Each structure stands twice: as C-alpha cells, then as structure tokens.
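Undergrad: Modelling step: build the complete structure from the supplied sequences, incorporating the hints.
One line per chain: the protein sequences are Z and A, in this order. Note that my numbering numbers the first sequence so that position 135 is 135, with each residue one more than the last. Note that my numbering numbers the second sequence so that position 262 is 262, with each residue one more than the last.
These are calculated hints, taken from the structure and not from any lab test. In this text the structure is predicted, and so the values were computed from the model without any measurement. Think of the CB as a built atom: it goes at the ideal place given N, C-alpha and C, for glycine as much as any other residue. Among these hints, one or two may not hold up.
If you want the footprint, here are the derived chain Z segments under chain A, 3+ residues with CB under 8 Å [as the list claims (entries may be wrong)]:
1) 67 to 81
2) 232 to 244
3) 397 to 403
Here are some chain Z residues the structure puts well away from chain A; computed CB gaps all over 10 Å [as the list claims (entries may be wrong)]:
4) Ala27
5) Glu28
6) Thr31
7) Leu46
8) Glu54
9) Gly84
10) Lys152
11) Gly253
12) Ala281
13) Lys391
Spelled out from the first residue to the last, the chains are:
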Amino acid sequence: MKKLVSIFLALTMLLTMAVGITSASAAEVTTFDFWTFNELHVEFYLVMAEMWNEANPDRPIAINPTSLAYDDMHNKLLIALQSGEGAPDIVDIEIGKYANFLMGETQLVPLNRVVEPELDNIVKSRVDIYAKDGNYYGICFHVGASVTYYNKDILEAAGVDPASIVTWDDYAAAGRKVLETVGVPMCTVESNDPWSFWQMLTEQGSDLLTPDGLPNVNTPEMAKGLQFYQDMIAEGTAIVAPGGGHHAEEYYGYMNAGGAASITMPFWYMGRFTDYMPDLAGKILVMPNPVFEVGNPRSVGLGGTGTSVTTQCENQELAVDFLGYAKLSEEGNLKIWEIMGFDPIRKALWGHEELKNPNKFIDYFANFPFDALIEVQDEIPAIVVSENLPKTMTAIRSTIMYRAFETMEDIPTMLAEEQDILEKTPN
Amino acid sequence: MSVKNSTLPERGKAGGKANNLLHRFSYNQKLAPYVFITPFLITFLVFFLYPIFSTVVMSFQNILPNQVQFIGLQNYRNLNDPIFFKAISLNLRYTLVTLLVLIPLPMLLAVLLDSKLMRARNFYRSTLFIPALTSVVVAGTIFRLIFGEMPGSLVNQLVGLFGVKPVKWLKLADTSFAALITLATWRWMGVNLLYFLAGLQNIPAELYESAEIDGANAWHRLRSIIIPMLKPVTVYVITISIYGGMAMFTESFMMFSGNRSPNNIGLTIVGYLYRKAFEENNMGYGSAIGLVLLVIVMVVNVIQLHINGTLRKEKRK
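TA: Now the structure itself:
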C-alpha cells in the first residue's frame, strides 16, 4: 500500500512538472469568465476554446463558465453592468432581454471588427437584432427560422399533400379535410407566446413595433393574422395548445400522441420534438410556412441568444476575436449544429454535406431539415427590436394572444384597447 | 438591561497596559450591550436601512448605466396604470380571503389538537406542518399539474365524478384564484396552527378549572377563555398574514410557471415590481411600486392594530 502511494505521489509530481514546463514555454493563458443560462452553450464554448487554442497557440484562452437560471443570470448581469462591477467577460443574453442591455450607455463592446467582414456570409438579420446606432453588440447562435412541421402520417390519412400547401387558404382548406377524415385539428396555436404567430406579421411587412421601435399592435396586419387563427379555432381546425403554449408538459403529451397535424414554430423547436415527442420520430416533415400572398417572405428569424463581450472585460480585443471565431467561422457554425441542433447563421454552410452526418435530428425528421431553410434563405427578414419590445412581448404573452384565442374577443376592439394600454404603461 | 457597578476582579500587577485595556473593555458593563447588538445593528444598517433609503432615492430617478437622472415624481405619476391596479386588486382579495380562511380554521384545529380527547395528536400535528417545510417551487409545480386543464389532471378527474366537464383552471380568473387560495391554505395551515398551539399552552389550567366550577360548557370556554386569551397570538398572525398576503409572489410565479399569467389573472404587486424593474429594466418605477406596497401594508396594519387595541395598550404601559 505504501509503495502504491509513493508511486502515485511521484507520478503526480512528474505530471505537475510536465504541466509547468509546457505552460512556461507557451504564451500566457487568458481566462474569460463566461455566463450563460443554458448548459449546452457551456459545452459549445468549451469545445470552441479548445479549437481556438489549437489554431492560435500564441494566444491561448480558457473559459471559466458559470451556468445560472434564466432570470437569475439576466438579473445579476443587469445589476453588475448597472453598478459597473462584477460582470463576466463574455455573456449570453437572450433576445427577449437584450433590449434592456442596450438602454443608457451600452455596457457591451461593439463587435463590428469581426462582424462586418462576414455580413455577406451570414443571415444579416441575426446580428441586426443586437445592433444599436450602427454598432453590433451581439452575435446569435442561430437563425431561428420559422418553419411549419407537418405530421406526415396524419396528412397522408387525410389525403393532403403538404407540398401543395402554399397559402394560408390552402392550409385552412387542408385543415377542414384533416378534421373531417382524421378527426384531429390541423394545428395548435399558442395563447402565451408569439412563436406560432409572429411570421404572419412579418410576411405582411409589419411587426410588433413600428420601424422606429414604438408599440404597434393595433394594425390591419395584426388583425388579419389573429383573425385567421381565430376563425380556424372557431371551426375546430385549430385549437389553443393544451397548457397554453408549445412548451407545456400537457402539450408535449398531446402532440406526441398525434394530437394535431402540424405546427408553425422556429427551427430551434426541433430539439423539443426529439426530446419530448419520441413517438413522432420519422413522421415529421420540416417545410416552409404558408403565406397570405405568394411572394411574401415565408420565414422570419425568431428567438435567439446573442453572445456579447462586456466593457468590464480586461482583454477585450482577444475576447472579440474569440467570439468572432466561435460564432461566425465555418467550424464554429458546424459545431452549433452538431452540439445544439440549431440552424447556424452562416447560411453558406446550409448546403454542406457535413450537415447530413447522422445525428439525432437527422435521424428523427422525415426530410432533411435544411432543404426548407435553403428554399427560404432570402426570405428571412429581421424583427424590430427596441426598448419597447420587452413590454410589448409581455402584453402579447399575457393578454393579446389570450384574448384573441381563449376568450375569442372581437379582434379590432381588443387590439385598440391593448394598444392604448401599451402606450400608457411606462417602459 | 440594568447596569450595576460591580467591582472588577483584581488583576495581577504583572499584566501590561494593553492587557489591562482589553480587560477593562471586556468587563465594561456600559459597553457590553452595544457590543452585543452590533452584529444586528450592522446587518440592519447595511441590509435594511440603506436599501430602504436607496429605494426612496431611486424612486425619483430614471436609472440606466452611467445615465442616472432625477425625474421628480414621474415614476409615481406612472403608477396610474391599469395593470398595477389589477395587481393591487388581486393582492387585496388574496389577503382578505386568506385571513378569512387561515385564522379561524387553524385556531379551531389547534383547539382540537390541544384537546386530550383527540387521538393521534402528534401524528396530525406533524402532517399538518409538513407542507410548510416543502419548497414552494416543488409545491407550485405539483399544484400546477393538479390544476392542469387536460381531462387527466387530478382536479378535473375529481369534478368529472360529478359530471362536470374539464375546466381550464389556471386560465380563468375565478378558478385560478381558487387554486391560489388552495395552495396558500395547504401551505400555511400548519404554521398558523403551530402559533395557536403555542398560545393555547400558555393559558393557565386554573382558568378552565374555575370555569368548570362555574358550570361553563365547551362553547363558553372557547368564547370566554380561549379566544380572548389567544388574542396576542391572533394579532400577530393577522399582522404577518397581511404582510404575507400583500407581498405574495412565489406562489403565483410557480403556479403559472413564470411571471406571466393569462390576462394577468395571477399578477401580484411584487410580480409587477419584478416585471418592471428587472424584466423591463425600469428600476426607478420598480422602486416606486415597492414603496407603494410598503405604504399599503403599513396603513392596513396600523388600522388593524388600532382596531385591535394593540397600539393603545402599548401606550398605557
């Protein structure tokens, strides 16, 4: 036993010395504190740091990750940036919160140096949403392109060819057929989130905010979109998602059992299918969204997380270079797909054969998901982001969708009331 | 604390000056009380008084990084906000109903559990207290599932036995309010019960004995001995319940899995403060909401204590 211990100790000493020698010969390692609210993002950045160190042995870095709960992380960051102390070097900020961090004197570092040379290769709207006064402060993980997921089996049973659904009228007609023959609704609609609705606004060239960033919910485009779903709910071809949204426990169970024939959600929803709806494996087709008029953009980038460098970072230049490498390079974008199953913002990558390498997403879906993305790649407008977005999103999530789809109120009246409240409530 | 002059024990002359000073310090009876309350005083100053002061200042400001400016009463003027009123209304109703449920019921249960005729008293005492030890996060999640809207949820199965169709409990104002009250009752019953039990043990047995000699029955004893003798406890429970009810947040946050409920039916004052200050980065407005909450709780409690006579009694002393 004693022998074993002494061998172990000797080995440890040798190892420590070896480490000492190598690190002494290499350049000094810069450690970046990194905060996120998603464990998968930690894995991604650790892998990227390794790849960075291989490619840049003269500028080695290390990532010191901290993974916190969603609200907790954003609150702590807000306070740290407000008080000028205690913020991490690199941080993930979710799009719904991002506007909060652009208010006042922005405490984030402009990334223009790395973003601008890549603008032609990426979906530009995915950096525009984190920009203010011509400065890009964040780079997104994904496009979050809105697509429609069809349950192939249900549509087949109803005799509907999903490729023939081009407009929302086609979609509604298919819905009536599905309801008649199979007896399930065509789709589910969220009453506490905007993800299944937002693309209807942007395809008509409208948005939740005016181009100047003011709340803009009382518009004919908004009314048209809400009315479309409300009519479907009235005739039974759509229902409000059990649990209120597409992220509720009730919903996963319902959908997994073949509850509805389709849903419209962003690309990142693929992960919810693979993780929570295992029985639908091999049945789900990823297709472009229907539109009101042929020629309207069929998608929009929704949701997202922008990674930013804070002004409290000591080696900002290196942090920005690393962030650019991780989020904009081909290698980085490939890892984003492999590790997280997101649609990477580097659209030049979408046709690559490497994306077809088997992983849980390729195995699950009935078609190659990127085919739909390539089809709509020039039809992905940016949403308007301003400091009014958080409160407008709150209204969408807590009252507007609920009043339109649950209590089925008269839409123009309801929208006029909601616009009025939004204008009265302070930011 | 009474401070008497006691003779300090004599020390050897060999002790140095420093030693002597330390000695005088540690045996100084005038200083001792202050030393003992220092930890509390520091905590109070740093974690209570300073934040309160700072909140008052912030409520007159617009706060953004490096752009803090005084905006006068603007934050208070903004409080004329329909959603804020909705939140106040929920808290007031919630406080009222929890008071109506969570005072008489635990008091009655305490009397029963204090009675020697009651079987398995200790078993009931502990089971009724367990909910208070459960984390609200867990409890909220379980209650959310219990009040789920699908036909398979527990409550829907129960009402189904009576032929009622599945109800979307957490999407309607009245039913979700009932769910919140159920959660509060389940959670706080044991705590209030414990207070009343403690109060009951302090009632001298002679009172019951002499009442018995005078021919008092159980009802007389409850009305003329137990309830009046429990008054200090009751006043205490009412006071903290008012505060708890007006500041309720976690229950609603968990029940609706987040700080947003359909049509704001579960929005509380603190929930609105949280939404404005942190979710929408308006710390100044959040501070104003917090101070209004403080004022409401103070006013309600002062009125309540006045009616109860607690404040008058203190004065007479």
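Undergrad: If a hint holds in the structure, say so; if it doesn't, say that too.
TA: Do the hints match the structure? See the list:
1. 67 to 81: holds (count 5)
2. 232 to 244: This one holds; 3 residues, not fewer than the three required, reach chain A with a Cβ under 8 Å.
3. 397 to 403: holds (count 5)
4. Ala27: holds, 33 Å
5. Glu28: holds, 31 Å
6. Thr31: holds, 25 Å
7. Leu46: Fine: 29 Å to the nearest Cβ keeps Leu46 (chain Z) off the interface.
8. Glu54: holds, 37 Å
9. Gly84: violated, 8 Å
10. Lys152: holds, 25 Å
11. Gly253: violated, 8 Å
12. Ala281: holds, 23 Å
13. Lys391: Incorrect as stated: the minimum Cβ-Cβ distance to chain A is 5 Å, not above 10 Å.
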